[in-house]
Amino acid sequence: MKKQILRFCLLLVVLAISSACTAGTSKNTTQDKPSAKHPALSEQEKLTPCAQCHKDVTPDVYKDWYDSVHGIANVKCFQCHGTYENFRIVPDETQCAVCHNQQYLKRPADRKCWVCHPAHNFFVHK
Amino acid sequence: MGLSRREFLKRTAALTAASYVGMNLPISLEGEAQAADADSWHPGTCRLCGSGCRLELGVKNGQAVALRGISKSRTNYGYLCMKGMLFYKLMGENHPERLKKPLYRAKKDQPFKEISWDEALDIAAKEFAKAVKTHGNDSVAYYGSGQALTEETYIFQKIMRGGLQTNNVEGNPRLCMASAVGGYITSFGADEPVGSYSNFERASCFFIIGSNTAEAHPVLFRRIMRRKLDHKDTVKIINADPRISPTSRIADMDLVFEPGTDLALLNAMAYVIVEEKLYDQNFINNYTVFRKGKDKKQVSFEEYKKFLSAYTPEKAAQICKGNITAEKIRTAARWFATSEGTMSIWTMGINQRKRGVWANNLIHNLHLLTGQLCKPGADSFSLTGQPNACGGVREGGGLCHILPAHRLVKKDKLRHQVEKLWGIPQGRIPPKPGYHTVAMFEAVNQGKIKAIWINCTSPAQSLPNCDKYRKGMARDDVFMVVTDIFPTKTTELANLILPTAFIFEKTGVYGCTERRSQLTRKAVNAPGEAKPEVWIVREWALRLSKELNDPVIKKCVEPFMGKEPDYELPRAIWDEYTQKLTKGRDNDLRGATYEVLEKLPDGVQWPAPTEEFALTGGTDIKFVRGIDPLADKHASNEMPFQFYGPAHPDHKLWIWLRPQKGPEEMPDSEYPFYLSTGRVIDHWHTSSMTGRIPELMRANPYAFVEINPKDAEKLGIKPGDMVEVTSRRGKNILPAKVYVGPCEGMVFVYWHDMYEDRMINRVTKDAFDPGSKEPEFKICACRIKKVSGPKPLKPFIVQMNK
Numbered sequence: 002m003k004k005q006i007l008r009f010c011l012l013l014v015v016l017a018i019s020s021a022c023t024a025g026t027s028k029n030t031t032q033d034k035p036s037a038k039h040p041a042l043s044e045q046e047k048l049t050p051c052a053q054c055h056k057d058v059t060p061d062v063y064k065d066w067y068d069s070v071h072g073i074a075n076v077k078c079f080q081c082h083g084t085y086e087n088f089r090i091v092p093d094e095t096q097c098a099v100c101h102n103q104q105y106l107k108r109p110a111d112r113k114c115w116v117c118h119p120a121h122n123f124f125v126h127k
Numbered sequence: 184m185g186l187s188r189r190e191f192l193k194r195t196a197a198l199t200a201a202s203y204v205g206m207n208l209p210i211s212l213e214g215e216a217q218a219a220d221a222d223s224w225h226p227g228t229c230r231l232c233g234s235g236c237r238l239e240l241g242v243k244n245g246q247a248v249a250l251r252g253i254s255k256s257r258t259n260y261g262y263l264c265m266k267g268m269l270f271y272k273l274m275g276e277n278h279p280e281r282l283k284k285p286l287y288r289a290k291k292d293q294p295f296k297e298i299s300w301d302e303a304l305d306i307a308a309k310e311f312a313k314a315v316k317t318h319g320n321d322s323v324a325y326y327g328s329g330q331a332l333t334e335e336t337y338i339f340q341k342i343m344r345g346g347l348q349t350n351n352v353e354g355n356p357r358l359c360m361a362s363a364v365g366g367y368i369t370s371f372g373a374d375e376p377v378g379s380y381s382n383f384e385r386a387s388c389f390f391i392i393g394s395n396t397a398e399a400h401p402v403l404f405r406r407i408m409r410r411k412l413d414h415k416d417t418v419k420i421i422n423a424d425p426r427i428s429p430t431s432r433i434a435d436m437d438l439v440f441e442p443g444t445d446l447a448l449l450n451a452m453a454y455v456i457v458e459e460k461l462y463d464q465n466f467i468n469n470y471t472v473f474r475k476g477k478d479k480k481q482v483s484f485e486e487y488k489k490f491l492s493a494y495t496p497e498k499a500a501q502i503c504k505g506n507i508t509a510e511k512i513r514t515a516a517r518w519f520a521t522s523e524g525t526m527s528i529w530t531m532g533i534n535q536r537k538r539g540v541w542a543n544n545l546i547h548n549l550h551l552l553t554g555q556l557c558k559p560g561a562d563s564f565s566l567t568g569q570p571n572a573c574g575g576v577r578e579g580g581g582l583c584h585i586l587p588a589h590r591l592v593k594k595d596k597l598r599h600q601v602e603k604l605w606g607i608p609q610g611r612i613p614p615k616p617g618y619h620t621v622a623m624f625e626a627v628n629q630g631k632i633k634a635i636w637i638n639c640t641s642p643a644q645s646l647p648n649c650d651k652y653r654k655g656m657a658r659d660d661v662f663m664v665v666t667d668i669f670p671t672k673t674t675e676l677a678n679l680i681l682p683t684a685f686i687f688e689k690t691g692v693y694g695c696t697e698r699r700s701q702l703t704r705k706a707v708n709a710p711g712e713a714k715p716e717v718w719i720v721r722e723w724a725l726r727l728s729k730e731l732n733d734p735v736i737k738k739c740v741e742p743f744m745g746k747e748p749d750y751e752l753p754r755a756i757w758d759e760y761t762q763k764l765t766k767g768r769d770n771d772l773r774g775a776t777y778e779v780l781e782k783l784p785d786g787v788q789w790p791a792p793t794e795e796f797a798l799t800g801g802t803d804i805k806f807v808r809g810i811d812p813l814a815d816k817h818a819s820n821e822m823p824f825q826f827y828g829p830a831h832p833d834h835k836l837w838i839w840l841r842p843q844k845g846p847e848e849m850p851d852s853e854y855p856f857y858l859s860t861g862r863v864i865d866h867w868h869t870s871s872m873t874g875r876i877p878e879l880m881r882a883n884p885y886a887f888v889e890i891n892p893k894d895a896e897k898l899g900i901k902p903g904d905m906v907e908v909t910s911r912r913g914k915n916i917l918p919a920k921v922y923v924g925p926c927e928g929m930v931f932v933y934w935h936d937m938y939e940d941r942m943i944n945r946v947t948k949d950a951f952d953p954g955s956k957e958p959e960f961k962i963c964a965c966r967i968k969k970v971s972g973p974k975p976l977k978p979f980i981v982q983m984n985k
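Protein chains in written order, with this note's numbering: chain A, 2 to 127; chain B, 184 to 985.
Incorrect hints may have been included.
A short list of chain A residues far from chain B (calculated; beta carbon distances all over 10 Å) [claimed, not checked]: (1) K64; (2) P109; (3) R112; (4) C114; (5) V116; (6) C117; (7) H118; (8) P119; (9) N122; (10) F123.
Cross-link-like lysine-lysine pairs, in silico, DSS-like; alpha carbons within 30 Å at most [as the list claims (entries may be wrong)]: (11) B:K893 <-> A:K56; (12) B:K914 <-> B:K901; (13) A:K47 <-> B:K974.
Keep in mind the hints are simulated off the structure, nothing from the lab.
Cβ atoms here follow ideal geometry from the backbone N, Cα and C, with glycine treated the same way.
Given these sequences and hints, build the entire structure.
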């Protein structure tokens, strides 16, 4: 079990790095394909809000989110990334459109939303 | 970065700290495309709080597949919270637990059996008729909901009053906004807020009291947050509450006071405004009078000043405790009085108090003293908790003392107006108001009510001190019909469960907090045999008419005969209500026809007496000449504001002398803590809907008891420990969340959880405001003790046991 937890943490780190890289280079849509798997969790562990673990294992991502308008307004991880049955490391852009449909429709066709609005902090245009 | 399992669990211990299933499940990374897959998009309104966010339902192959916000809507400008973006998962055939067939059992210890609609409606009619014939008209009752459509509340109350001749018409808005109604009527002479959400973008000071806006109204909070972030130095936010909450994140000042001391705090702010001459003398002279007592005696400004002398900031700080200092009170009062526009916002922390009406009055007082009203950014604005508490229940006649369009039952003239408009004999509606909510369920307990229809709400869980009232609902001599979309704690006590259509599975109007009526048209089919309530009530009324041999009952539904139930029937009901009942009233909605509502992205704010005016969006600020057509119509002088509220014959705003009053039950040596309850962002009310959406359930799977770290240390309670919370009514055993949080001496419990041991309304108190009859959910006395370390917990949702 210890090995499993260790693998869980390592993968979370990989996942965070992968997300950050993807956010920066995602003009290439192949980058959107997940490059790592979220580790398996027990049903009980699945009742833990994402941020509860990620606060510790991906603190930079957590801090970016917490200090962002999404963090202040309580927009939670699952609203973009889904839950365990529909989890996506890189959200589908249509998830952005749930709240930002006009911006989504007007976005440059060759760029993903997060090219200009960096993932998790969102507040500046690149 | 190695993390032992023990450490992992420790880190999650604030929530829970044990695993009951060791099985690992694979997690798919493929996800599911949502919005892009829809064939068509259908506009409507969110039903999971009172904000009235407009959204579009994405439909593919007849099934709901996605929701997204409507950018042009002035309620939410396209933004949705997690509940608003996910509730399509409850629609149509999407959810396996939807109720799909009428279910019946003669006795409450029997299993339910599926029956046909004909059988179900016959049974409902026979049982109500039997009760009326045997025990009189007041032995039957309707208990409705601020989540029912206006058309539904209107037709239910019409049948109860005009048909069955009883005013036993109530609804769960009694539990959440009755004190706000009382406050608006006694201070302004007219119910519902003066201004609109548009003030969020114009206010320079926000006074938030008794509202965790960030979680209870997240999309409105986003607007306030944006205003603050865009004007960090010039916009001030005061958050007054016994508990630090996510709302505090944008606050410049947290005023943390001991529960039940809010009246002293508000009077002290008024004291500073008067002492430092921060009031608006012209506004006071032109538009206000001072009053006190049950007889509403008019008094002078000097007497008011004398009254306030008991509430110097120094004295109030001693009463309020928490982090309150005299200087904080002075600063808050100065910010309030001197800003370009101050907007007060409150909700259940103020309304669910033994003196909730008084607390509302004292907030209004601050605005009337300073003239922070009827100008950009200035408003005394009560947030409503449910999507149609205002439109359906406050306006549609859904409480025991009011008839449609803000008419009081006890006023002969107004009652007879309604009878005439309905074409029924004068005297048909009884002059005596019916039972208010707590009294209604007390009457159920006593066997005085023999048949009750509960629609779209779950009082078995949501009433305070609910064990007491569940005993009555469980009586075999009380026939109980429940109309709902899912099994609940209340369907467990029913004789007859009727499956209903959900929003977007039927057509109708919701009226949100800011006097705004918005239409949602049917876009998907209801599952199985679930039906719209308007059809159910019409068919039931026709059978009642036969059972009681009473043609007047049939007369009540005659205008609606032959209408197909998905659009024509609700439109006919809406037309009757708006064109006949609201004509000439302060909530004149004649311009807000279905045709007009369908043309606008965000509906119409009343008053809107003509279609031409309604097409402009209606009235943004009441009482202002040039903005509110009724202000021009009722103008008796050249003043820019005309306070024509029907409850104040003097057309003045009333500044009330209201003393500090504590809660009904204070902590003592046996029960030394205050208990307060509230919401979390992921769940709605009793979680019968949100608990069935996996994302939302996982985000907040159980209720917790929040404990201040200083209290937890004294009692040896650590995060995740199981804690028993006991009052004189009952007890819960909940996992602890230790943080600030609640002030010292207070614990806070989320009220959505259905699991018996975590259902906090078994512990709360059913004392109520003598004016509004709204219960004091927010304060009672309790004791707490650790009963064990962390234990594995499961989320719980009621299932149907047929």
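Exercise for review: Against the structure, test the hints numbered earlier, and report the numbers of the ones violated in rising order.
Suggested key: none
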